[in-house]
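Protein chains: 2
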Amino acid sequence: MKSTVKKILTVSTAFGIGLAWTAAAWSAESLDDVMKRRGLTQKDLLAAAKTYTPTGGRDEFLVFSSGGQSGQVLVYGIPSMRILKYIAVFTPEPWQGYGFDDESKEVLAQGKIDGKQLNYGDTHHPAISETNGEYDGEWLFINDKANPRVAVIDLKDFETKQIVVNPIMKSEHGGAFVTPNTEYVIEATQYAAPYSKDFVPLSKFNDEYRGAVTYWKFNREKGRIEPENSFSVELPPYSQDLSDAGKLDSDGWSFTNSFCTERYIGGIESGRPPFEAGCSQKDTDFLHMINWKRAAELVAEGKATKINDHDVITMDTAIKEGILFLIPEPKSPHGVDVSPDGKYIIVAGKLDTHASVYSFEKMKALIDAKDFAGTDPYGIPILDLKKTLHTQVQVGLGPLHNQYDSKPCIVYTSIYVDSQVTKWNYCEGKVLDKISIHYNIGHLMSMEGDTVSPKGHYLVSLNKLAIDRFNPVGPLHPQNHQLIDISNDKMELIYDMPLPLGEPHYAVAISADKLKPKIRYSTGWNSRKDERSEYRVRPGRERTEVADGVTHVYGTLIRSHITPEIIQVEEGSTVSLHFTNVERAEDETHGFAIRGFDVNLSAEPGKTVSATFKVDKPGVYPYYCTEFCSALHLEMQGYLLVTPKGYQAEEASLQEGQSYSQEDFDKQVKANTDTQAVIDSVVEYITARNFKDFDPVVALVEDATDQLNFAADAKKKAEDYAASGDWQNATLWAQQWFQYQVKAADIGLRAKTYLDQNDAKVVNQ
Amino acid sequence: MKSTVKKILTVSTAFGIGLAWTAAAWSAESLDDVMKRRGLTQKDLLAAAKTYTPTGGRDEFLVFSSGGQSGQVLVYGIPSMRILKYIAVFTPEPWQGYGFDDESKEVLAQGKIDGKQLNYGDTHHPAISETNGEYDGEWLFINDKANPRVAVIDLKDFETKQIVVNPIMKSEHGGAFVTPNTEYVIEATQYAAPYSKDFVPLSKFNDEYRGAVTYWKFNREKGRIEPENSFSVELPPYSQDLSDAGKLDSDGWSFTNSFCTERYIGGIESGRPPFEAGCSQKDTDFLHMINWKRAAELVAEGKATKINDHDVITMDTAIKEGILFLIPEPKSPHGVDVSPDGKYIIVAGKLDTHASVYSFEKMKALIDAKDFAGTDPYGIPILDLKKTLHTQVQVGLGPLHNQYDSKPCIVYTSIYVDSQVTKWNYCEGKVLDKISIHYNIGHLMSMEGDTVSPKGHYLVSLNKLAIDRFNPVGPLHPQNHQLIDISNDKMELIYDMPLPLGEPHYAVAISADKLKPKIRYSTGWNSRKDERSEYRVRPGRERTEVADGVTHVYGTLIRSHITPEIIQVEEGSTVSLHFTNVERAEDETHGFAIRGFDVNLSAEPGKTVSATFKVDKPGVYPYYCTEFCSALHLEMQGYLLVTPKGYQAEEASLQEGQSYSQEDFDKQVKANTDTQAVIDSVVEYITARNFKDFDPVVALVEDATDQLNFAADAKKKAEDYAASGDWQNATLWAQQWFQYQVKAADIGLRAKTYLDQNDAKVVNQ
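Heads up: the sequence lines are chains A and B, in that order. Our numbering puts the first sequence at residues 4 to 768. Our numbering puts the second sequence at residues 4 to 768.
Next up, chain A with everything else stripped away, as it sits in the complex (with noise of 0.2 Å):
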């Protein structure tokens, strides 16, 4: 390589300048050239306007959206709708290495049922925590609808720290929902079953089956759920569906919403009319109003009933105590919203054509004047529709959910069958404008629309049918988020956006500024427990230790060798890989991949990740790093190698493949001494601008000084093999010099790009 690092240097610096052009030139299009070819309108090129983000740029709002039966939780960024990251919830996914470390294993292992590990989930609706009825940034909660479960994601490095499994539920849909200081995460039922295990014949469900609502305690200093904290609240066999908490007026009530009253149970194979018939035939369906801070109470004065070891209040009692009403809803109804100052709670009935605006303080009189229209069979006060109600407005065919402006009384519904939004007045009770979308819109999202202070801006309509909107993919489409700027009286469709896995239902939306993720680790850390990992390990400290017949690797990760390269192990034994990323430079992950044994580990900068597995044949099993971390990525490798039982090694030294002699020794020197001449002019350049102003360039130049340091270490083995005559290793440990060189190289000019483009200045030194 000689010098060439000093000459490529010069020509791109060159480049920087100027180039003089020798191919015939061929012409640049205008604006009106490229709308004319692309058949792009004025509006269109507005609605680019609002949306392109150039390179560099930021988003204002991050949407954390459910993945539907993907099991996971996507990330992506308002105007630009790009999709920023998957994060892995209920299903393993091995590129972050969920489900292949360890550490994350025993996260999905606490979502285990019956003892069965469960390998999907499918996710319905994300909530951010909340201080006083505010978005917080700190931690998001999602459920899994098929197998009730609730996870918990830290929003300080975007991980699954905890799944919870519902200990009464077969079936859940209302959650995840928090009260506004995120003391509990609200999980409802959807389809009734037994709360024990055993079976139960469909001819007991009146008596037997049971909806029920779960208030899961979050701590937030341990940043997990409580389960022993936690109780739920027994419910009639209706399929209880979303649910919403109260804030501000209503703080200390939460609502959740059903369909299905009539109990109807299908059997279209024996000739009994299908579930759908059954379930749609009477005009209202009960609005479920608890009095969760009393449910509380009552817990800790004892009055729970423990049932599968966990604190359920029975109908019994929540009718005694006075927590539990019901209020007729129009028909089959999907979203229940309340309004940001908690005053109105708005029902969307998808096969009624209206959304009903209950008022807080109208249900609240009627309760403290137990002031009851009736009881349903099981005994819970029914509050009369029209002495709760606010107003009806006729919004569309099929509206499913509400989502709340920041501009006073506008709220804005999804409409189903009719494929549109509609905006609305809810104070006036006053259709305001509509807008097709499509196709067949079930959850829309306003920025920050389900706290106390909607931000506006955008909407997001979360489309079932994509259809005819993208190039075509095969019978399985994607979805289409459709971006909705509403800034002004008119809803402006501005954006199209497909989702290329899973279907998700419900989102939500926080200012971009809130989120104060980290780039790094402390070095050998559990990402998982959020602790130190006990089996992190300092680079020079790497090891191997037999204890309890498993055989420990304490090893080590960076740019670009894993240590150690080589693992010998006998066959039938039990290896537990520990490797700690030791880098501290932003966005240095390092992967570990192994043939055969499903092992694929992602270790971000400063995390220890491991791998256990039995190794039950001899062989030769190659691994690498995953991450294309350096130049020198590939050569980022090594062997594990299984012996026989009993094999006795011969006594071979390696083959070297390669022999060098003090010629070669010198020669690879002097290279280096050349590329030190330009990395000092590098340096120069950079310590020459004020490039302490610049964070990344700090961090990058950080990096460049731990990468010079290995350089001198290699540097020093160098001249010691030299100095002994052993110009091998002299030409092997010069040549590593070398490549720490090459990568403090790279990070130096990374630094300069990132000055010239921000227009640092020349400093005096």
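Certain hints may be false.
The list makes no distinction among identical chains, and a pair is therefore deemed to hold if it is satisfied within one copy or across any two copies.
Think about it this way: if two alpha-carbon atoms lie no more than 27 Å apart in a straight line, the pair counts; the simulated BS3-like pairs of lysine-lysine are [to be verified]:
#1 Lys200 with Lys617
#2 Lys389 with Lys673
#3 Lys390 with Lys670
#4 Lys458 with Lys39
#5 Lys159 with Lys532
#6 Lys39 with Lys517
#7 Lys108 with Lys620
#8 Lys108 with Lys617
#9 Lys108 with Lys119
#10 Lys670 with Lys720
If you're looking for bench data, these hints aren't it; they were derived computationally from the structure.
Please arrange chain B on chain A, whose structure you already have, making use of the hints.
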């Protein structure tokens, strides 16, 4: 609901015409306002216009990108850079049911290694099938570096159909690359290992560790690789790397480069310099050149050796028969890319600053003249570097890969360390332009850039680090694919696209109009075997049969019910559920999830999917459709009831939760009659227009007709029950009749909207 359908339809229509504004007007932003608010330059606006794709618009090119260690392939559009689909390949993915239904489990099981199920792959290089060196858009191939395997994906439905395990490799990298008529799919070793599965000590590395190139025979009729007609060529224990097939002038040959021809073995844990030092010492490595057409003949002539029941042409045979040659290439090369005319092979040496352009004509002439510079330690003839070179060009620090333009002699090379793309003329050996990317580019991709006729226009830079480009999402960053406009002399960066999942390596882009995926399957289709499923069933013929101790349920899925709705089996049974989606409508996918058994299915229109599992414990297990398929999607539910062994059902009928009278029936019939009037008006609206000119509307009309036929069936049942005085069943079937009407209305409204938005014309009838 009464006649609300009619009302709201009228309201909706009114909104289409105009809306009386009642709220205070919020003024809309002008383009200048938006640019100012968002800090956009004129150049940004031009880039926005070049990439923004309005609703319903199509992308010009579709990209198939490896997902790296996510084990998937992702599909995105150019220029919108929107991701359209993640195709599950080596990793189970529940949204697609991949690895969850029996049919796809069989595909994944083909990829077992030593009997072990693997749940990830490290996908690297996708390849589209070719005809005469052009992409034909029929098949996609992708390799797994970690566990040497190749997968076959059908571009008719974007599904993985086959996985083959390499019979001799323990690690690979240089796959998948196809020959110009997809005769073979090429796969090359990465890290050398013994061909046998035995342990071989590293002291025997030079003698018993080996590389190889495997040529997988692809049978286009069957759409499957034929392992029995595939073969390999034995190679030295160099770390083989990327490969490419010759084309036109060089058709019949394939090229594979390598690094670590030093055959160095690391061992930093025992004081040896690491692999990265010893593998990068020599100034040149070797390009391998193999005559695969002659090799195939040699196999046919019986000159291959069976190793692990696989045909291998040994090095001795390859040398003797004159099909294997080496050419020195500087230094630790990565990409090897044959020019569109097949005349040149460009190699980028990542530790060199040059790209080397080899002339196939010169190589061939030397071979024909037996003019060799020597042999390697294994006796393979080496061609002289200088004699084979056309030119060398200094392109930058850390050049990796090359992609071709539609303009003659123009190539783009990714420059890793400099974080740049260099555009240069490989005929004249001249650098033309450079552009900075963000950051550390690996592969790059031009449109059909590795075929005989690249399409120009766009280039994508597949960057390994994103660092500061996007809103932060924790220590694990997305990757960054940057779209570059190459239409003009000067490259222009026009879009930054985050990669939310996985670490793509290579990607290929095909003109979108070459892809013709289907939108539905023939009814009762096993999509993984591409044949009628033995478990298909027609609506009305659903049944349960016990065979060989397994309870087979032959069921159907349709908006909005699952048949059967109740399944009752005894504890300890093995249940095999088979569901056929009997929809014909585009995008009408249904899912199936059931609690606790890790069963989640996806059935696109026409598909039959199965899940077989053992029910160990008595209990109640709700199931439901996971795709939001219709307004009554939530009611698309059922129960699996597992009775204890020997359970005798009591003679107890279901407790009806609700009773219906003649009055209820009459009310429902009235609602249905009103609804029918609305539907008739929509039908009239559609049929009065030239709807037959719009394929999507024709499809919707077909679908609506299906639903109305179902409605007629339900109506008949309702009327029959009414005639017999059974008001309970009469009312419920009348409700079901109404539900089919709602589905028809949903479809009809979509058709009406489509006609409105596409300027349909009233036609004389």
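Classify it for me, Lys108 with Lys617: is the Cα-Cα distance of at most 27 Å met within a copy, between copies, both or neither?
both (16 Å within a copy, 24 Å between copies)
Give the relationship of Lys108 and Lys620 under a CA distance limit of 27 Å: within one copy only, between copies only, both, or neither.
both (24 Å within a copy, 25 Å between copies)
Indicate which option fits the pair Lys670, Lys720 if close means a Cα-Cα distance not exceeding 27 Å: within, between, both or neither.
within (17 Å within a copy, 93 Å between copies)
Classify it for me, Lys390 with Lys670: is the Cα-Cα distance of at most 27 Å met within a copy, between copies, both or neither?
between (92 Å within a copy, 25 Å between copies)
Within, between, both or neither, where Lys200 and Lys617 count as close if Cα-Cα is 27 Å or less
So Lys200 and Lys617 pass the 27 Å test across copies only (17 Å; inside, 35 Å).
Regarding Lys159 and Lys532, is the shortest C-alpha distance of 27 Å or less found within a copy, between copies, in both, or in neither?
Intra 13 Å, inter 45 Å, cutoff 27 Å: intra-copy only.
One pair to classify: Lys39 and Lys517, alpha carbons no more than 27 Å apart. Within, between, both, or neither?
between (41 Å within a copy, 24 Å between copies)
Is it within, between, both or neither when you check Lys108 against Lys119 at 27 Å Cα-Cα?
Both: 13 Å inside a copy, 18 Å across copies.
For the identical chains here, do Lys458 and Lys39 meet the 27 Å Cα criterion within one copy, between copies, both, or neither?
between (36 Å within a copy, 21 Å between copies)
With identical chains, the pair Lys389 and Lys673 could be close in the same copy or across copies; at 27 Å between alpha carbons, which is it: within, between, both, or neither?
between (90 Å within a copy, 25 Å between copies)
Checked against the numbered hints listed earlier, the structure breaks none of them; every hint is satisfied.
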